Amino acid sequence: MSDMNADILTMKNGDNLEINQLYNKKDGSINLEKSMREVKKIEDTGDIERMYESMLLQDNSTKTEIFEDALNDPVDLKTDEKSDEEELDLDLEEPPPPEVMEYARRELGETDEVKCQTLEELRDMIYERGECSPHRMDDAFLIRFLRARNFNIHRAHRLIVRYYNFKESHPEIHENVDPLKMRHIGDDDVMTVPGYRTECGRRMMIYRMGNWDPKKYGVEEIFKATVIILELGALEPRAQILGGFVIFDLRDITMTHAWTMTPQIANMVIALMVTSFPMKTHAIHILHQSWVFDVIYSVFKPLLNKEMQERVFFHGDDMSSLHKHIKPTSLPKMYGGTREELPYYKWIDSLSKKPKIVKPMHEIGYILTDEQLAMIKNW
Numbered sequence: 001m002s003d004m005n006a007d008i009l010t011m012k013n014g015d016n017l018e019i020n021q022l023y024n025k026k027d028g029s030i031n032l033e034k035s036m037r038e039v040k041k042i043e044d045t046g047d048i049e050r051m052y053e054s055m056l057l058q059d060n061s062t063k064t065e066i067f068e069d070a071l072n073d074p075v076d077l078k079t080d081e082k083s084d085e086e087e088l089d090l091d092l093e094e095p096p097p098p099e100v101m102e103y104a105r106r107e108l109g110e111t112d113e114v115k116c117q118t119l120e121e122l123r124d125m126i127y128e129r130g131e132c133s134p135h136r137m138d139d140a141f142l143i144r145f146l147r148a149r150n151f152n153i154h155r156a157h158r159l160i161v162r163y164y165n166f167k168e169s170h171p172e173i174h175e176n177v178d179p180l181k182m183r184h185i186g187d188d189d190v191m192t193v194p195g196y197r198t199e200c201g202r203r204m205m206i207y208r209m210g211n212w213d214p215k216k217y218g219v220e221e222i223f224k225a226t227v228i229i230l231e232l233g234a235l236e237p238r239a240q241i242l243g244g245f246v247i248f249d250l251r252d253i254t255m256t257h258a259w260t261m262t263p264q265i266a267n268m269v270i271a272l273m274v275t276s277f278p279m280k281t282h283a284i285h286i287l288h289q290s291w292v293f294d295v296i297y298s299v300f301k302p303l304l305n306k307e308m309q310e311r312v313f314f315h316g317d318d319m320s321s322l323h324k325h326i327k328p329t330s331l332p333k334m335y336g337g338t339r340e341e342l343p344y345y346k347w348i349d350s351l352s353k354k355p356k357i358v359k360p361m362h363e364i365g366y367i368l369t370d371e372q373l374a375m376i377k378n379w
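FYI, the UniProt record's numbering numbers position 378 of the sequence shown as 378, with every residue one higher than the one before it.
Each hint should be verified, as a subset may be incorrect.
When the alpha-carbon atoms are kept at most 30 Å apart in a straight line, the in silico BS3-like pairs for lysine-lysine are as follows [said to hold, decoys possible]: (1) K354 <-> K377; (2) K377 <-> K353; (3) K359 <-> K167; (4) K333 <-> K346; (5) K353 <-> K167; (6) K306 <-> K167; (7) K115 <-> K181; (8) K215 <-> K346; (9) K181 <-> K353; (10) K377 <-> K324; (11) K333 <-> K216; (12) K354 <-> K115; (13) K346 <-> K377; (14) K181 <-> K333; (15) K324 <-> K301; (16) K377 <-> K356; (17) K377 <-> K181; (18) K359 <-> K377; (19) K327 <-> K301; (20) K346 <-> K327; (21) K215 <-> K301; (22) K346 <-> K181; (23) K167 <-> K354; (24) K181 <-> K306; (25) K216 <-> K306; (26) K181 <-> K356; (27) K115 <-> K356; (28) K301 <-> K216; (29) K333 <-> K353; (30) K333 <-> K167; (31) K356 <-> K167; (32) K306 <-> K324; (33) K215 <-> K181; (34) K167 <-> K301; (35) K181 <-> K167; (36) K377 <-> K167; (37) K354 <-> K181; (38) K346 <-> K356.
It is worth saying that the hints were derived from the structure and are not from the lab. Only a predicted model underlies this, so the values are computations on that prediction, with no experimental measurement involved.
Work out the full structure, taking the sequences as your base and the hints as a guide.
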């Protein structure tokens with residue numbers, strides 16, 4: 001990075017960043033270092049302001065490798081039997097297929113006995129501590145927090161407290177949101193979620209931040225769309241167990257995008273991806289990064305412990321590097337894969353017609369049309 005760019009970064013963040021960069025466009029490798037303060041160990045209090053020491057992966061870890069082929073294909077998706085259009089639905093089956101439940105038993109420690117005991121203990125802890133007031137206390141809702149924290153009751157309780165604290169701290173992305181009015185995110189191809197899963201049954205979210213024009217709408221619109229998708233995904237028992245991963249395609253990002261990545265925005269991203277939502281992020285894949293990405297990553301890196309940093313993979317323009325983690329049969333064609341893509345709004349349009357999905361989304365505050373209200377009333 002040039003001295004001028006280093007000065008710009010220092011002026012922007014006021015943090016006297018010391019950046020040593022070795023950037024290889026071909027393989028996407030980056031060496032980016034920043035002086036960091038020693039972070040204090042977190043106490044088991046659920047205090048969201050003090051959660052950065054080991055929360056990221058110790059609270060969100062599994063014992064497996066994160067490569068897609070490391071799980072020995074726990075779910076047979078039979079992806080060739082369905083078109084992408086036919087897969088725009090959520091699998092709300094509980095319990096999930098036997099292969100997924102075997103993974104849950106092996107990696108999360110989930111058994112019928114463990115579920116019964118921990119659900120009761122978590123419910124009691126919520127009542128006794130009074131740190132949050134969940135809108136639901138039924139098993140189907142609470143189980144997602146236990147699964148996200150491998151049935152550790154204290155961590156699950158911290159997670160549910162953080163979940164509600166985040167909602168209260170950021171009403172602008174939760175309140176008075178109509179999912180059907182988020183079509184512009186799909187029209188601009190800023191964000192998409194393929195209808196299919198990978199060989200291992202995981203969902204993926206794809207962001208193309210270079211397609212976002214900050215002059216048209218603010219970053220809060222992207223957060224709104226992200227929260228909608230995460231809430232929808234959290235309805236799926238198999239997603240609660242297997243988690244998912246994220247692809248950030250950074251082609252065409254500019255300094256205009258970089259200026260939006262303030263520490264506050266970085267905290268919000270980390271909260272949604274890792275610390276305050278009941279969904280495991282197994283890996284983050286970065287594509288087509290440039291020196292502008294260094295500016296953005298310098299804001300995020302201090303929030304990531306070593307283990308989480310090891311789950312962030314930089315591929316540059318080398319799709320064969322990405323394919324070592326995700327097989328081409330589970331990727332869109334533009335990334336050397338074989339699958340078609342669907343716009344974000346097609347998910348919303350399809351799921352908005354299903355009462356089993358619309359009802360729980362309405363319960364957490366999303367706006368419905370009169371037709372949808374009548375639909376769930378009669379369901």
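**OP:** Compare the structure with the hints numbered earlier in the document and write down the numbers of the violated ones, lowest to highest.
**Re:** 7, 10, 24, 25, 30
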